[in-house]
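Peer 1: Residues per chain are reported as follows:
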Amino acid sequence: MTALALVPHRDALPPRPLFLRCPGQPEREYYLLLPVAMRPGAEPLVLVHGISRNAPELVLRFAELANRAGVPLIAPLFQRESFGQYQQVLDQRAGQRSDLALLDILDDAARRFGLATGRIALFGFSGGAQFAHRFALLHAHRVRVCVPASAGWYTLPDPALAWPLGLAQSPASVHPDAGCVPFHLIVGQRERGDDEALRHSPELDALQGSNRRARARAWHRALRKAGWSLESSLTVLPRTRHNFSCAHRNGLVETVFRLIGQQGTE
Amino acid sequence: MFQDVGGFEPQLRVIDVLPRDRGEPLGRSRLEAAKRAFTTRRVEFVSGMRLLRTGAPQAGDLVLARIASLGQHQRLESPHGRRAQLYEGDEIVVAYGERYAPDQFEAIIPADLGRCDLVAGGGVAGKVLSSHARMKRATRIQPIGLIADSFGRPVNLAQHALPLRVLRDRRQQVIAVAGTSMNAGKTTTAAGLIHGLSRAGLKVAATKVTGTGSGGDVWSMIDAGASRVLDFTDMGHASTAGLPHERIEAVALSLIAHAAAEGADAVVVEIADGVLQRETAALLAAPAFRAAIDGLLFAAGDALGAVGGRDWLLALGHNVVGVSGLVSASPLATREAEVAMGQPVLLLDQLRDPVLAPQLCFAAAATIDEA
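Here the protein sequences line up with chains A and B, keeping their order.
As numbered in my numbering, residues 1 to 266 make up the first sequence, in order.
As numbered in my numbering, residues 1 to 371 make up the second sequence, in order.
Worth double-checking, as some hints may not be accurate.
[What the hints assert, rightly or not] Going by beta-carbon spacing under 8 Å, a handful of chain B positions derived as facing chain A:
1. Met182
2. Ala200
3. Gly201
4. Asp265
5. Val355
6. Pro358
7. Gln359
8. Phe362
9. Ala363
Everything labelled a hint here was simulated from the structure, so no lab data went into it.
Just so it is clear, CB atoms sit at the ideal spot from N, CA and C, and this is done for glycine as well.
Please build the complete structure, drawing on both the sequences and the hints.
Peer 2: Below, the structure is given as structure tokens:
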């Protein structure tokens, strides 16, 4: 009988992110992480930053599980100068459409790295969550699943309210399949208070509530009431305040991979 | 099976007959009362230490010395960074080392325990060969003796160093900072980048791989937000001046490996002196070092240095991710450099920017991995 030495299992180290610009479109910028063992046609997970523009931090924190699951990561960088109000899809001051910028980025990643960007899993944190759900409403055919985490407020499925509070006068027509996209909301258990980045107005507070947790619940209810995707869900992260590092410590990344159907164990 | 029995016996005699000079007892209280330098910070003093009044000092040996007369360095940096005022007659604990500092002193290790100089405020004893015109005469010190362990063996920084470590697979992005010369703004540039990366939510480790032992750069990197900072003194060297290239390369790669092992997202590596200094030039030209870093940020003292240094590094095959440094403090010099280089000079505010700093860091490998 031959004795085999016990060697601890060690996953391959995740590769490092790359910072890229779309050729000829220098304001289209993104971070990309390609897993070591990427399956052909693997669906990318798109990570959208909040107003701190922490795109590289998102990629680095998702890197290990993404590498394990063979999921490529794309994190657009919406610079303040060009895309000040990227969360609302249209920046009124610069006249730039952040949704179109993401579509260009997806095309660039597909062309240069052979990624299957026709359908994506879309995650956003805080301001990025605002963008993510609004992008999914306008480009539902490109989004298989959307995970908005800790958004400040939401676009309600109400055609009578003006964009970005509702669907009327949206920057582009709302996609007919918007109601089919599964939206898996995440919010921190301790996001029940106010924070300086949270927008308030009498109308918004009356429609959605006065804090992130109340607003997530309100939007989730509104989706169900409108008869949109029944697969949608709301997850409350325990002991989590409005801070990405805190959410990361409390299992945000694992939760996202579970919600998009990637356990990160392949 | 000895081929030369006659050659072996004298060796035995040397071992057996020559009594070891174990020196005299050195009270722990005396050691603790002495002003101790930053370079000696990894050494733990214990009871039963000895003092050797004779011997030829080696690089890294610890020496108990008395201040004979004050000169250029009137303060000694403590292991905790406090710059302690020196007085004539003070007893200090410093380490022997060479120094190569065009703006300060050129110094070597003396052959004996005769009077010598304090050649760096971080605690380096040496014999001054030349000094910059602006320098005062060096502070003179009178060695009392080498500090030894209870067996009479000199205590050397190398005995308390981190082990050499092989740099294997790494997931961290490694960015080096080199410069035109001493005082070209390398540490400020490195600290700026560290600050920008940490503000972006990244965990940053930092290391200074060559130079003369001094806490200033280490504290500056810690203050900028680095989660851990190591320098060559952690590898057992009071100074890297005069070390053979193989040793400097091994020290540099080990420091990067130790820093990378701390779970950081990025490692910032500062290389001392100018790119034309002998040891720095050899390190930058070494294939193993080039392979260990993903990009290089160049700190220039002036416009001509910016152009010349950047081109010199590009010719060596380095990925120069940006040019910054002292030149960026002058709008006119910045303009000159930008026109000559055809690329912008990075200002300190840009390095500290949490959006721009990661771009510099991760753009480094963009062309490598593109399909």
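Peer 1: Against each hint, give a clear statement of whether it holds in the structure.
Peer 2: Going through the hints against the structure:
1. With a cut of 8 Å, the hint placing Met182 (chain B) at the interface with chain A is violated, because the nearest CB-to-CB distance is about 32 Å.
2. For the restraint placing Ala200 (chain B) at the interface with chain A, the shortest Cβ-Cβ distance is roughly 6 Å, inside the 8 Å limit, so the hint holds.
3. Proximity of Gly201 (chain B) to chain A holds as hinted, the smallest CB-CB distance being about 4 Å (cut-off 8 Å).
4. Given the 8 Å rule on beta carbons, the hint for Asp265 (chain B) holds: about 5 Å separates it from the nearest Cβ of chain A.
5. Given the 8 Å rule on beta carbons, the hint for Val355 (chain B) holds: about 5 Å separates it from the nearest Cβ of chain A.
6. Interface hint at Pro358 (chain B): satisfied, since its Cβ lies 4 Å from the closest Cβ of chain A, which is below the 8 Å cut-off.
7. For Gln359 (chain B), the interface hint holds, since its Cβ comes within 8 Å of a Cβ in chain A; the closest pair sits about 5 Å apart.
8. With 8 Å as the threshold, the beta carbon of Phe362 (chain B) comes within range of chain A, its nearest partner Cβ sitting at about 4 Å, so the hint holds.
9. Proximity of Ala363 (chain B) to chain A holds as hinted, the smallest CB-CB distance being about 4 Å (cut-off 8 Å).
The structure fails to meet hint 1 from the earlier list, while all remaining hints are met.
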